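Asks: Knowing the structure of chain A, use the given hints to seat chain B on it.
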Amino acid sequence: MKYKFIDPTVQTLSGTITAVTSATIVPNSWNMFLGMILGDIIGMLFMIVLMIPLTVVFGGFEIMIPLFLVTMSCGMIGGMLGTAEHISLNQVAFTGALVSLIIFTYVAWSDHKFNGQVLNER
Amino acid sequence: MKDKPKGYDGVAKFYDFLKSGDSRRWKKPQTDFFKNLKGQVLYVGIGTGQEISNFPPNLNIIAIDISANMLKNAKRRIEKYQGNINPIIMNAESLGFADHAFDSIVTVCVFCTVENPVDGFRELRRVLKPGGKIYSFEHVLSRNPLYSLILKYMNQISTRLSGTRLDRDTGNNIRKAGLKIESETNIYQDIVKAFVSY
Chain A
1435 MKYKFIDPTV
1445 QTLSGTITAV
1455 TSATIVPNSW
1465 NMFLGMILGD
1475 IIGMLFMIVL
1485 MIPLTVVFGG
1495 FEIMIPLFLV
1505 TMSCGMIGGM
1515 LGTAEHISLN
1525 QVAFTGALVS
1535 LIIFTYVAWS
1545 DHKFNGQVLN
1555 ER
Chain B
1263 MKDKPKGYDG
1273 VAKFYDFLKS
1283 GDSRRWKKPQ
1293 TDFFKNLKGQ
1303 VLYVGIGTGQ
1313 EISNFPPNLN
1323 IIAIDISANM
1333 LKNAKRRIEK
1343 YQGNINPIIM
1353 NAESLGFADH
1363 AFDSIVTVCV
1373 FCTVENPVDG
1383 FRELRRVLKP
1393 GGKIYSFEHV
1403 LSRNPLYSLI
1413 LKYMNQISTR
1423 LSGTRLDRDT
1433 GNNIRKAGLK
1443 IESETNIYQD
1453 IVKAFVSY
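Residue numbers (the working numbering), protein chains in the order written: chain A, 1435 to 1556; chain B, 1263 to 1460.
This is chain A alone, in the form it adopts within the complex (with noise of 0.2 Å):
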């Protein structure tokens, strides 16, 4: 039950830091597919870098693979609205927590799709 509360709120926060980090980093001179790219390279280090923790706390794979989904995509989105001028990190933030939990909610109704017995010969 507790996992129900902790795995949205881990990926949630994992892919708002990751998108505000990634639109603070990104220059807004650049043009947005520059942004992306070197968004994506922020979310794949953040992927490395929260991966290890979190695993070790909270359990591999039902960690690993949204966290590898969220870091990436909020990276990539962090990079683009780094490169707009008229955007605020608040707003980045609320971007990069909704895109995490689109995601989150995603594969959970792929877990609760595959959940239980596929196979019983008996």
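Hints in this document: simulated from the structure, not taken from any laboratory.
Misleading hints may appear alongside valid ones.
Unchecked claim - Calculated pairs, DSS-like style, for lysine-lysine (alpha carbon to alpha carbon, straight line, at most 27 Å): (1) B:K1275 - B:K1337; (2) A:K1547 - B:K1290; (3) B:K1289 - A:K1547.
Since this is a predicted model, take the numbers as computed values, not measurements.
Replies: Frame of chain A; chain B shown alone:
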């Protein structure tokens, strides 16, 4: 005995810490899965014995592992178990037991580390009594293309760090070894699975 899998023996000191999240997460599904264990039990790849607390009490278990360091760290849990566990250093691919010696065989995340998984399952088949069951709680490569890509990417890291492969097709390996899968249950996505075979 073949060489120890690269990295596996080396992480023995930190193994409990590294696997603590999985242990907490999988306690209930493992306890449910292991409740049917009976008779003389072979526990393949005991590691530091994190699953012992999920076993029903009063079993007579022979526990093997390829790593002496892992077995050393399992000692506390072995002593605490309300039953009999006899730990032995042995490779799953060449078991030193007579044919048809065990009623139940347990593996937990073992066939991601064993060098030749099909040979390993063939050995399990050899030592399993007629009517006995093999209970395998293992992670496998997902058939979902997106998850499969992630696992193949992470496999590059985990193989180097701990010798753990994330791209194994354990269901197919069980069949290739001449065993029949009685049931296959998804625990997380189609990645973490509980197989019962004979």
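Asks: Work down the list of hints and note, for each, if the structure agrees.
Replies: Verification of the supplied hints:
1. At most 27 Å may separate the alpha-carbon atoms for a hinted pair to count; B:K1275 and B:K1337 meet this at roughly 13 Å.
2. With a CA separation close to 20 Å, the supplied pair A:K1547 and B:K1290 stays within the 27 Å bound.
3. Taking the CA atoms of B:K1289 and A:K1547, the gap is near 21 Å; set against the 27 Å cutoff, the hint holds.
When each numbered hint is compared with the structure, no violation occurs for any of them.
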